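Chemist: These protein sequence lines map, in sequence, to chains A and B.
With my numbering as the guide, the letters of the first sequence map in order to residues -17 to 408.
With my numbering as the guide, the letters of the second sequence map in order to residues -17 to 408.
Bear in mind the hints are in silico, worked out from the structure with no lab data behind them.
Certain hints may be false.
Which copy is meant is left open, so a pair is good if it fits within one copy or across any two.
Claimed, not checked - Below are the DSBU-like pairs computed for lysine-lysine, each with C-alpha atoms no more than 30 Å apart in a straight line:
1. K367 <-> K82
2. K375 <-> K20
3. K367 <-> K(-1)
4. K315 <-> K367
5. K68 <-> K82
6. K82 <-> K315
7. K13 <-> K83
8. K126 <-> K82
9. K73 <-> K375
10. K68 <-> K277
11. K68 <-> K367
12. K273 <-> K367
All figures in this text were calculated on a predicted structure; none of them were measured in a lab.
Protein chains: 2
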Amino acid sequence: MKIIKYPHINDWQHLIKRPENEKVSLHETIKDVFLGVKNEGDTALKKYTLEFDKVALTNLHVSEQELTEAEALVSTELKQAILQAKSNIEKFHLSQIENKKIIEIQPGIQCWRESRAIEKVGLYIPGGSAPLFSTVLMLGVPAKIAGCKNIVLCTPPNNEGKIHPAILFAAKTVGITDIYKVGGVQAIAAMALGTETITSVYKIFGPGNQYVTAAKQYAQEFKVSIDLPAGPSEVLVMADSSAHPAYVASDLLSQAEHGPDSQVIFLTTDEEILNQTLDEIHTQLENLPRKEIAKKALNNSLGVLLYSLEECFHWSNIYAPEHLILAIDQAKKYIQNIENAGSVFLGNYSCESAGDYASGTNHTLPTHGYARNYSGVSLDSFFKKITFQELTKEGLHRIGNTIELMAEGEELQAHKNAVSIRLRSN
Amino acid sequence: MKIIKYPHINDWQHLIKRPENEKVSLHETIKDVFLGVKNEGDTALKKYTLEFDKVALTNLHVSEQELTEAEALVSTELKQAILQAKSNIEKFHLSQIENKKIIEIQPGIQCWRESRAIEKVGLYIPGGSAPLFSTVLMLGVPAKIAGCKNIVLCTPPNNEGKIHPAILFAAKTVGITDIYKVGGVQAIAAMALGTETITSVYKIFGPGNQYVTAAKQYAQEFKVSIDLPAGPSEVLVMADSSAHPAYVASDLLSQAEHGPDSQVIFLTTDEEILNQTLDEIHTQLENLPRKEIAKKALNNSLGVLLYSLEECFHWSNIYAPEHLILAIDQAKKYIQNIENAGSVFLGNYSCESAGDYASGTNHTLPTHGYARNYSGVSLDSFFKKITFQELTKEGLHRIGNTIELMAEGEELQAHKNAVSIRLRSN
């Protein structure tokens, strides 16, 4: 971890700057795969699965039987844990349902909004060694609450053609049955374009490697929208004298173990806390299976001593972290200082892992500085909000002249006529 | 208008399909202008303004004096109209403020969301012959309500180097003072990258021609987000026997006058209404200044006779219109049939012009089929919603085992440790 003590504010911009990802152009590869899927549908998916995942599949769809078998392969404990997490995520996302409010703008003029689910959504769950079944909950639960009619889940098979049972159990728990053993660019292409087996969708959610990220970007050319732009995961921990160094170290490490490009930032006003935390990182690191990954991330991480919490919040707002942990006394008092962050964790018992899995908040969050202009995934992400207006004859009379004048001012005569013709009649 | 009577459902997909825009590649031009602005800032802006708008500017910023002068040039009537529209738009958007709701997920675990304004936003107002001062209200009012700290407005000058006074008056009314006389690609580049005079922003809003649209897309490569993907404006009018042909015709024409590529769709269950509406279109068209434009749009438009309102809603939901007008009896009863639309107008007195200018709803809406997966601009568009969680020691104990099991299942040991270390201590 790079340590900086009391940097001058003129140096902050340089220090806060995130490393730029090397822009490898994957465009041609992505384009080719999309074209292949467009032309050859399921055949192309099986071809790419053989090529990239090294497994020959006859059937892309996960059967009822496979779902039942998976349930038996997950321990009772883990099943209960998944159910508890699901319940908490559901409770928080249910609270985001917006009640219809009819607003009387003026007598005879009513306006309101109504939410409608995006009819068809696609959820991408990466494969690899560590099965992200928590993401199935984070994306599946709000999709179900919203009432999306088609929820497609794609996840790559292992080299035995199987999906990790915890992923299947989590999907079953949420009530998702359209599950397909396909991953990578071809999965995104299938969800964007549709194949014989996989229905095309209007919006694609889910994390992935650089190929999947590039494929999601490309899918937008087919009028598919996506959840968020992607980037390496990040945490900023802010600590004062009330922080527990062991806890802070554990939070920094849980971020560092994600990947070598994970962003780990530690800001503190207390030099003693800084030193003790560094010791704790050193100690706790040794016992981590993903030690080497965490070490790489830490090499690119920053520990900064600042003069005050005010400075810490200023730094944090410029950085706009994906996860913001406030290991500070009376953390709640400082909430109004927060301008940019994905999700915030208050106090010594609100570790990031809680939000990652089971507190109820969504772990699909804006990273890479996108916390400045994007929200994390929520129930809203699965809805369109349609506006409605109903005017009576009297209501139109109240604003009729206004509309006529404005339409005339914008030289849109037919817009004006549409009002005049109604005002004239009895 | 192309008339189709009782088309077979097998032919619908083909009939509902929107014309594909010819994809002209503007990428190189956009890239060059962005590079020019990046390297030469204000100098580049003045250079492009001379080249594209044919006017030499010394000063890009609209001065206080110019704002005051503009006010005098707008008629009292139009000023009052703008003020009334502003008041209605404000009332509706104020109603979208979300109250903070702290949810007790389990005892000792609290989660909630808070809205924070996107700090810096850019509003693009196209120039040309018809000044879209209504768009200043539609974008400026929610930006102000949200509390965006920097609101930058860019609009191209005419060949005398002036901005239309109604645009300036509307901006002043909203309280926007960072107004710049620059348009086109260079304006988008200035807002994405920043220059000596114009501050860069995090999100860009506003309509524009294909150059501006392409520039907004490109701006996303610089981590700027945008309001909506663009497309030609469109209306779908649904009418039964209770509709007034003259009113329906006026609504179809107010859409047609926007541009030759405007989409105008008319669905009805009543052949008499169909014929009378066609007659009315013919009559009303003759008196329109923008007759030639409207004619072109109508040549590409569709009038369809269907058997029932159920069929009409089915068609409409597949098409996903930007504006949906229900000229049907007891329109409110049919609202639950609507799945995809940008904004809906109920009954014979809710003409689209009302929503375009002054009912209170926002006229920046998803078009080109994007009503399937995007909402129109609202107060939400100017906010980030940040999630918060606060766990007590007891709260963490309640889900601690769940988090440990899930983290372990995902092979993220440090995530597990961050909980274990807290559960272990006293």
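Chemist: None of the hints should be skipped; say for each whether it holds.
Modeler: Hint check:
Proximity of K367 to K82 under the C-alpha cut-off of 30 Å is found in both arrangements, the shortest distances being 11 Å within a copy and 20 Å between copies. Taking CA atoms no more than 30 Å apart as the test, K375 paired with K20 passes in neither setting, with 51 Å inside one copy and 53 Å between copies. For the identical chains of this complex, K367 and K(-1) are inter-copy neighbours only, at 23 Å across copies versus 36 Å inside a copy, given an alpha-carbon limit of 30 Å. In this assembly of identical chains, the alpha carbons of K315 and K367 lie at most 30 Å apart only when taken from different copies (19 Å versus 33 Å within one copy).
Proximity of K68 and K82 under a CA criterion of 30 Å is satisfied in both settings, with 26 Å inside one chain copy and 23 Å between copies. For the identical chains of this complex, K82 and K315 are inter-copy neighbours only, at 15 Å across copies versus 32 Å inside a copy, given an alpha-carbon limit of 30 Å. Taking the shortest alpha-carbon separations for K13 and K83, neither the intra-copy value of 45 Å nor the inter-copy value of 45 Å comes in at or below 30 Å. Taking the closest pair of Cα atoms, K126 and K82 come within 30 Å of each other both inside a single copy (20 Å) and across two copies (24 Å).
Taking the closest pair of Cα atoms, K73 and K375 come within 30 Å of each other only across two copies (21 Å); inside a single copy the shortest separation is 44 Å, beyond that limit. Taking the closest pair of Cα atoms, K68 and K277 never come within 30 Å of each other, the shortest separation being 32 Å inside a single copy and 56 Å across copies. Proximity of K68 to K367 under the C-alpha cut-off of 30 Å is found in both arrangements, the shortest distances being 25 Å within a copy and 21 Å between copies. Proximity of K273 and K367 under a CA criterion of 30 Å is satisfied in neither setting, with 45 Å inside one chain copy and 34 Å between copies.
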